[in-house]
Amino acid sequence: MSDLVVEARGLKKQYGATVAVQGVDVCVERGRVFGALGPNGSGKSTTVRMILGLARPDEGTVSLFGQPLRERSAELLRRVGAVVETPAFVPYLSGRDNLRLLEKYTPGAGAEGIERALHRVHLEDAAHRRFKNYSLGMKQRLGIAAAILNSPELIVLDEPTNGLDPQGTREVRDLIPELAAEGRTIVLCSHLLHEVEQVCDAVAIFQRGRVIAQGATKELIGRGSRLEVKVAEPDAAQAILDASRFGHALTRSNGSIYIDGAGNDGEEVNRLLAAEGQYAAILRPIQHSLEDVFFELTGEPQHG
Amino acid sequence: MADALRAELFKVLRRRMTHICLLAAMALVLTFYIILWLRIREGPQPRPDGYLEWIELREGMSFRNVVPYGFALERFFATLVSVVFAGTMMGNEYDWRTVGVVTSRGVTRWHFMFAKLASGVVFTFLTVMASFLVALAASAWFSYLYGLPFGTFDVARVLDMFASIGRTSFVILPFVVMSLLFATIWRAAGPAVGASLGLYFIEGIFTGLLSNARGFLSHIPDVLFNVNGDAVMRANGLVGRGDGGVPFLISASGPPQWRGALILAGWMVVILVAVFWRFQRRDIQE
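Here the protein sequences line up with chains A and B, keeping their order. Going by the working numbering, the first residue of the first sequence is number 1, and it counts up by one from there. Going by the working numbering, the first residue of the second sequence is number 1, and it counts up by one from there.
Since the hints were derived computationally from the structure, they do not count as laboratory data. What you are looking at is a predicted structure, and each value in this text was computed from that prediction instead of being measured. Built from N, CA and C at the ideal position, the CB exists for glycine as well. Hints are not guaranteed to be accurate.
Ranges of calculated distance between the beta carbons of each label pair, as one might list FRET restraints [to be verified]: (1) A:E59 to B:V273: 20 to 30 Å; (2) B:A274 to A:D201: 22 to 32 Å; (3) B:R282 to A:R9: 19 to 29 Å; (4) A:K132 to B:G43: 48 to 58 Å.
Chain B extracted, bound-state conformation (with noise of 0.2 Å):
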């Protein structure tokens, strides 16, 4: 097993798209704090709500509320990134066949795989601390020009951080392994990536208009990623009104966190079984 980690590590530390999803990340989350500074800049726009939604982005992006805006944004960027990270990681061993040349001298599909689901966990965490110093930096220098409010900063802070951070993440990870379970089925990057993305957009498409509907209907979206992982993610702290009126702002209402992270929790021991027993018992190559 350590052979595996060692040689996935060596891979993955030489692999230019590890770089540049690291950086996107972290660049796509500067650039969403640039555009809510020029929104604010802006002033409160002309409508019955313009004032209170002016003054909940001014909220969100100081130092202040950096934990639960910086990892809301964050939630959004670095699933996308890790989803291609992830996908690309485990398809190209496909597209390039070098699954084969691996298991052919003995490395246990085993470890093979549990390598690849270690990366893309390690991955996961690194891109939402990466990009949350990034919120970071950005919030502390608009409250510095703007006059925000900076809040407390004590340890009870930071630990709170460690704590957004790993719950951040974890809320990404059954995406992550579903992007490593399209790779394993179509043995390709392309239409694993393509996948995981859309049934995460989709699935957000979803829970908005099931939501909507009424009796047992309305209840899907509870079983769902997105409801759990936004439950999850309340535990990091609530912006304003919290009636979700700002973009990645989530609303107080919808289940208990423990539940939530149960049902992720659920869903991705499922999927990992299938990415086990898919790879497992399958050719490597036809």
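Same shape as in the complex, but just chain A (with noise of 0.2 Å):
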């Protein structure tokens, strides 16, 4: 059985002559809490449409947990929980009744399920109020009650903390870790960077319908870094360093040498210098954050 649990592969989406999605690949694996990145118009959000069936992408294949979801989409969309975009529920009926609502659609929660996830959301008070009546942010815990109202396998966020308070922002970043140490994969999709990097152990990032980098999070901020090497001689360690594969990266400052997109790679640096006969006085890595990988790769400001 194979590890991924999204694998979507070459999806395009075309409204029109907008191209909203084109060639974009994602894999989810198994127990990850992957994020999707990009500014707003970048196709995280149809990307989330294609995989949660809600959209048919114009070429491309989704499997959700090994299988094509095209053939099998009822049986396996059971196995997900999403909230896409603001959350839609009936506007007349209650909180307790929207969840009554969709469990009847997909019976296995219960009466108690329904209460743990209102609990799990801290909305039991607020359970008897008509929807329309909700605050954003407790629409927003409403979606979430509804995703995990059936324990899936796959929960899909989309910009879960919209509308909350800190408080309720912090909650919810407790919660994504809480439930993926539950064994569930969560695919976050956010343009909030610092909540991704907060949360999430893999990201794509999206720019213009594009996947423009994919990987473990702590990969790709490595990615970015840079290395500051000090030695007492810095223009034969430079040399040494120009013969290697960092050769393209070399930056000198205050007789400081700086190896950009080395973050992760001092042990190899340190072995090519000592092999000449020069040994740092200083190795630092200089970790950049997600925002500045972001900005980095994208080329442009994030708006939204």
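With the hints as a guide, dock the two chains, each given alone in a separate frame, to form the complex.
Shown next, in the form of structure tokens:
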């Protein structure tokens, strides 16, 4: 059995003359918290819609749990819980009745499961109120309650902290690792870089309908980080490094040598220098944030 | 399938629009009977056909004619509210984006739409039945007040009433499924209701115009809803001269009942295929 919970290959979606998604490949391994990162209109929500069967790809395929979505959509999607964009519910029903309605469509959780889900998002006290009278934060909480109602294996959350106050945001951020610890796979769509950096262990960065980078969060951040090297003889050290694979990424400043993208390569650099009799006085990775990496990759400031 | 039906029932019963539509149909039928009563109370109009028309009105609102006349009234009012009910029931799912929530949880689109269709059919049937009870009560009361004929009331007549409920509902259903189709096409409630009701009224006007034309044009109404609906409704019975001089009275001439039923059924099949195909094939959200 495949260990990929989501496997999207060559996805393309076009609306009229506008290409929303172009050749997107997304793979999410079991048990991961996967972040889909990108500015508004970058194609991440369209990709999520195709993964959830809400939109049909013009080209490409989607597999969930190792099986093609197109052929077994109903069966596969019952193992998924999702909140797409702002949570949508029947406005004249209460929060609890909305969950009861979903439970009738896809039975399994029962009355206990409904109360458990409401409790988990701290919505028990407002569960009797009509959805149309909920604040945006309460709607988000209900959306998350609906997503986790049937104990799904895969949870897709699209901007789940939108409209939440700082405490609510923190609760959701705490909830995501908790859900992951229960063995669930989580896909989190967000344009909030620090949010993704805090909770996701893998990331795909979207720009203009394409995935421009994908991988483990640490790896991506490391790829964007620099290594500071300080030696007694910087000219000699630079000559050594110039001849290595780091030659194209060197800069000098205040007596230090900086190697771009080598934040994780301190050991290799140290070995190269020591082999030639140059011993580093300082060998310090300068870590970038996901935000730095994002801007470096996209080459544009992020809006929204 | 049973899960989708249960969920739809849960939703529809808690929906205020359901109760409003049902009460509106009953209130409209009652109001029309009261207007008829006020007209009859005024006496015949001073014009050549005035006395005959007055007699026909009295006949129409008598308990003896509650089946042909009551159902002719209900056909109009129940169509209005059933179209509003069906169009908003489906269209609101798009307006509120709840259709995406349900289908992304693994509910088969086919099941979802079937539950909507079943709700629309049951609601139409209930509306016709409930507003018929109002017509029954109103005509009995006015017949008692004015000494109008009650006619016989036996098992055959009760069975005829139930058959008439079925016939009237059947004539309304093409517009109900059309409302579902428009809601699926435009993914919104407002345009669906507007277009369905617009078509309902415009078809009546076009039918009138085309029927007076000559040659090929005059046969076009024969394949539309109005003429064939009249053909089916004619089996409920006729009132008076049968020349359609009194509001909602159905004329005696037109295609046979079987042909009317067949053409309406054909239309319903075509529209339903379009509804399910469109819903199945199209993106839920863009």
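Comparing the hints with the structure gives:
| no. | hint | result |
| --- | --- | --- |
| 1 | A:E59 to B:V273: 20 to 30 Å | 28 Å, holds |
| 2 | B:A274 to A:D201: 22 to 32 Å | 47 Å, violated |
| 3 | B:R282 to A:R9: 19 to 29 Å | 23 Å, holds |
| 4 | A:K132 to B:G43: 48 to 58 Å | 53 Å, holds |
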